[in-house]
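**Q** The lines below spell out each chain.
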Amino acid sequence: DAKTTQPNSMESNEEEPVHLPCNHSTISGTDYIHWYRQLPSQGPEYVIHGLTSNVNNRMASLAIAEDRKSSTLILHRATLRDAAVYYCILPNTGNQFYFGTGTSLTVIP
Amino acid sequence: EAGVAQSPRYKIIEKRQSVAFWCNPISGHATLYWYQQILGQGPKLLIQFQNNGVVDDSQLPKDRFSAERLKGVDSTLKIQPAKLEDSAVYLCASSSSSGRYNEQFFGPGTRLTVL
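Quick note, the sequences are listed as chains D and C, same order. For the first sequence, the numbering used here gives the first residue as 1, with consecutive numbering after it. For the second sequence, the numbering used here gives the first residue as 1001, with consecutive numbering after it.
Simulated from the structure, these hints should not be mistaken for lab results. Computed from a predicted structure; not experimentally measured. For every residue, glycine included, the Cβ atom is placed at its ideal position computed from N, Cα and C. Hints may contain errors.
Derived list of chain C stretches under chain D, where covered just means 3 residues or more per stretch with a C-beta under 8 Å from a C-beta of chain D [to be verified]:
{"no.": "1", "stretch": "1010-1018"}
{"no.": "2", "stretch": "1041-1055"}
{"no.": "3", "stretch": "1092-1098"}
No farther apart than 25 Å at their CA atoms in a straight line, the calculated lysine-lysine pairs in the DSS-like style are these [stated by the list, open to error]:
{"no.": "4", "chain 1": "D", "residue 1": "3", "chain 2": "C", "residue 2": "1044"}
{"no.": "5", "chain 1": "C", "residue 1": "1011", "chain 2": "C", "residue 2": "1083"}
{"no.": "6", "chain 1": "C", "residue 1": "1083", "chain 2": "C", "residue 2": "1062"}
{"no.": "7", "chain 1": "D", "residue 1": "69", "chain 2": "C", "residue 2": "1011"}
{"no.": "8", "chain 1": "C", "residue 1": "1044", "chain 2": "C", "residue 2": "1015"}
{"no.": "9", "chain 1": "C", "residue 1": "1083", "chain 2": "C", "residue 2": "1071"}
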């Protein structure tokens, strides 16, 4: 299974952009990069995913390095509701997820 | 579209007792997953079903845990007998298929406390 490395925690001021990094140096050419987040007392929820090109949706943007060994989840304007644990995941061939410990994002009012 | 349903939401039992959790995935989703999330850790996959067949149960402690998915829809996860270290949130997730581009949809989880 391809492994990911994320910082344990990050802080951001409300209404400012947040860049959450993820390293995945052993990624293979067919590995998708998924981001999920888990709000307190809830199950994880999908944020965004991509393969090679940068991706945008209503929640966030995903910037993928040209060599694909790292990626960055971008929240354009952090709100208090974005305080959560963010997981960067490379599913294996059966779409099985290894979550790791993720990055705990604190948003400061 | 209705999400993944789980019940009960909370359960408190004493060690050596039995407990069962129920999951109803999103309609039409062929793949179903059970995860265990211990406090302070990320979810850990226990078992994956494709329709009513087991794809992977390598992380399931089979001496005490069992799971089934009859008719390829609902699923139950059972622990018998429970140990203190089984205290965790048990999450059920489903996806339309097992392709690596597929989103997994998670239920709210069942919080189990073993005393």
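**Q** Against this structure, judge whether each hint is valid.
**A** These are the hints, each one checked on the structure:
no.	hint	in the structure
1	1010-1018	violated (count 0)
2	1041-1055	holds (count 7)
3	1092-1098	holds (count 4)
4	3/D with 1044/C	holds, 14 Å
5	1011/C with 1083/C	holds, 14 Å
6	1083/C with 1062/C	holds, 13 Å
7	69/D with 1011/C	violated, 42 Å
8	1044/C with 1015/C	holds, 22 Å
9	1083/C with 1071/C	violated, 30 Å
In this structure, the earlier hints numbered 1, 7, 9 are contradicted, and the remaining ones agree with it.
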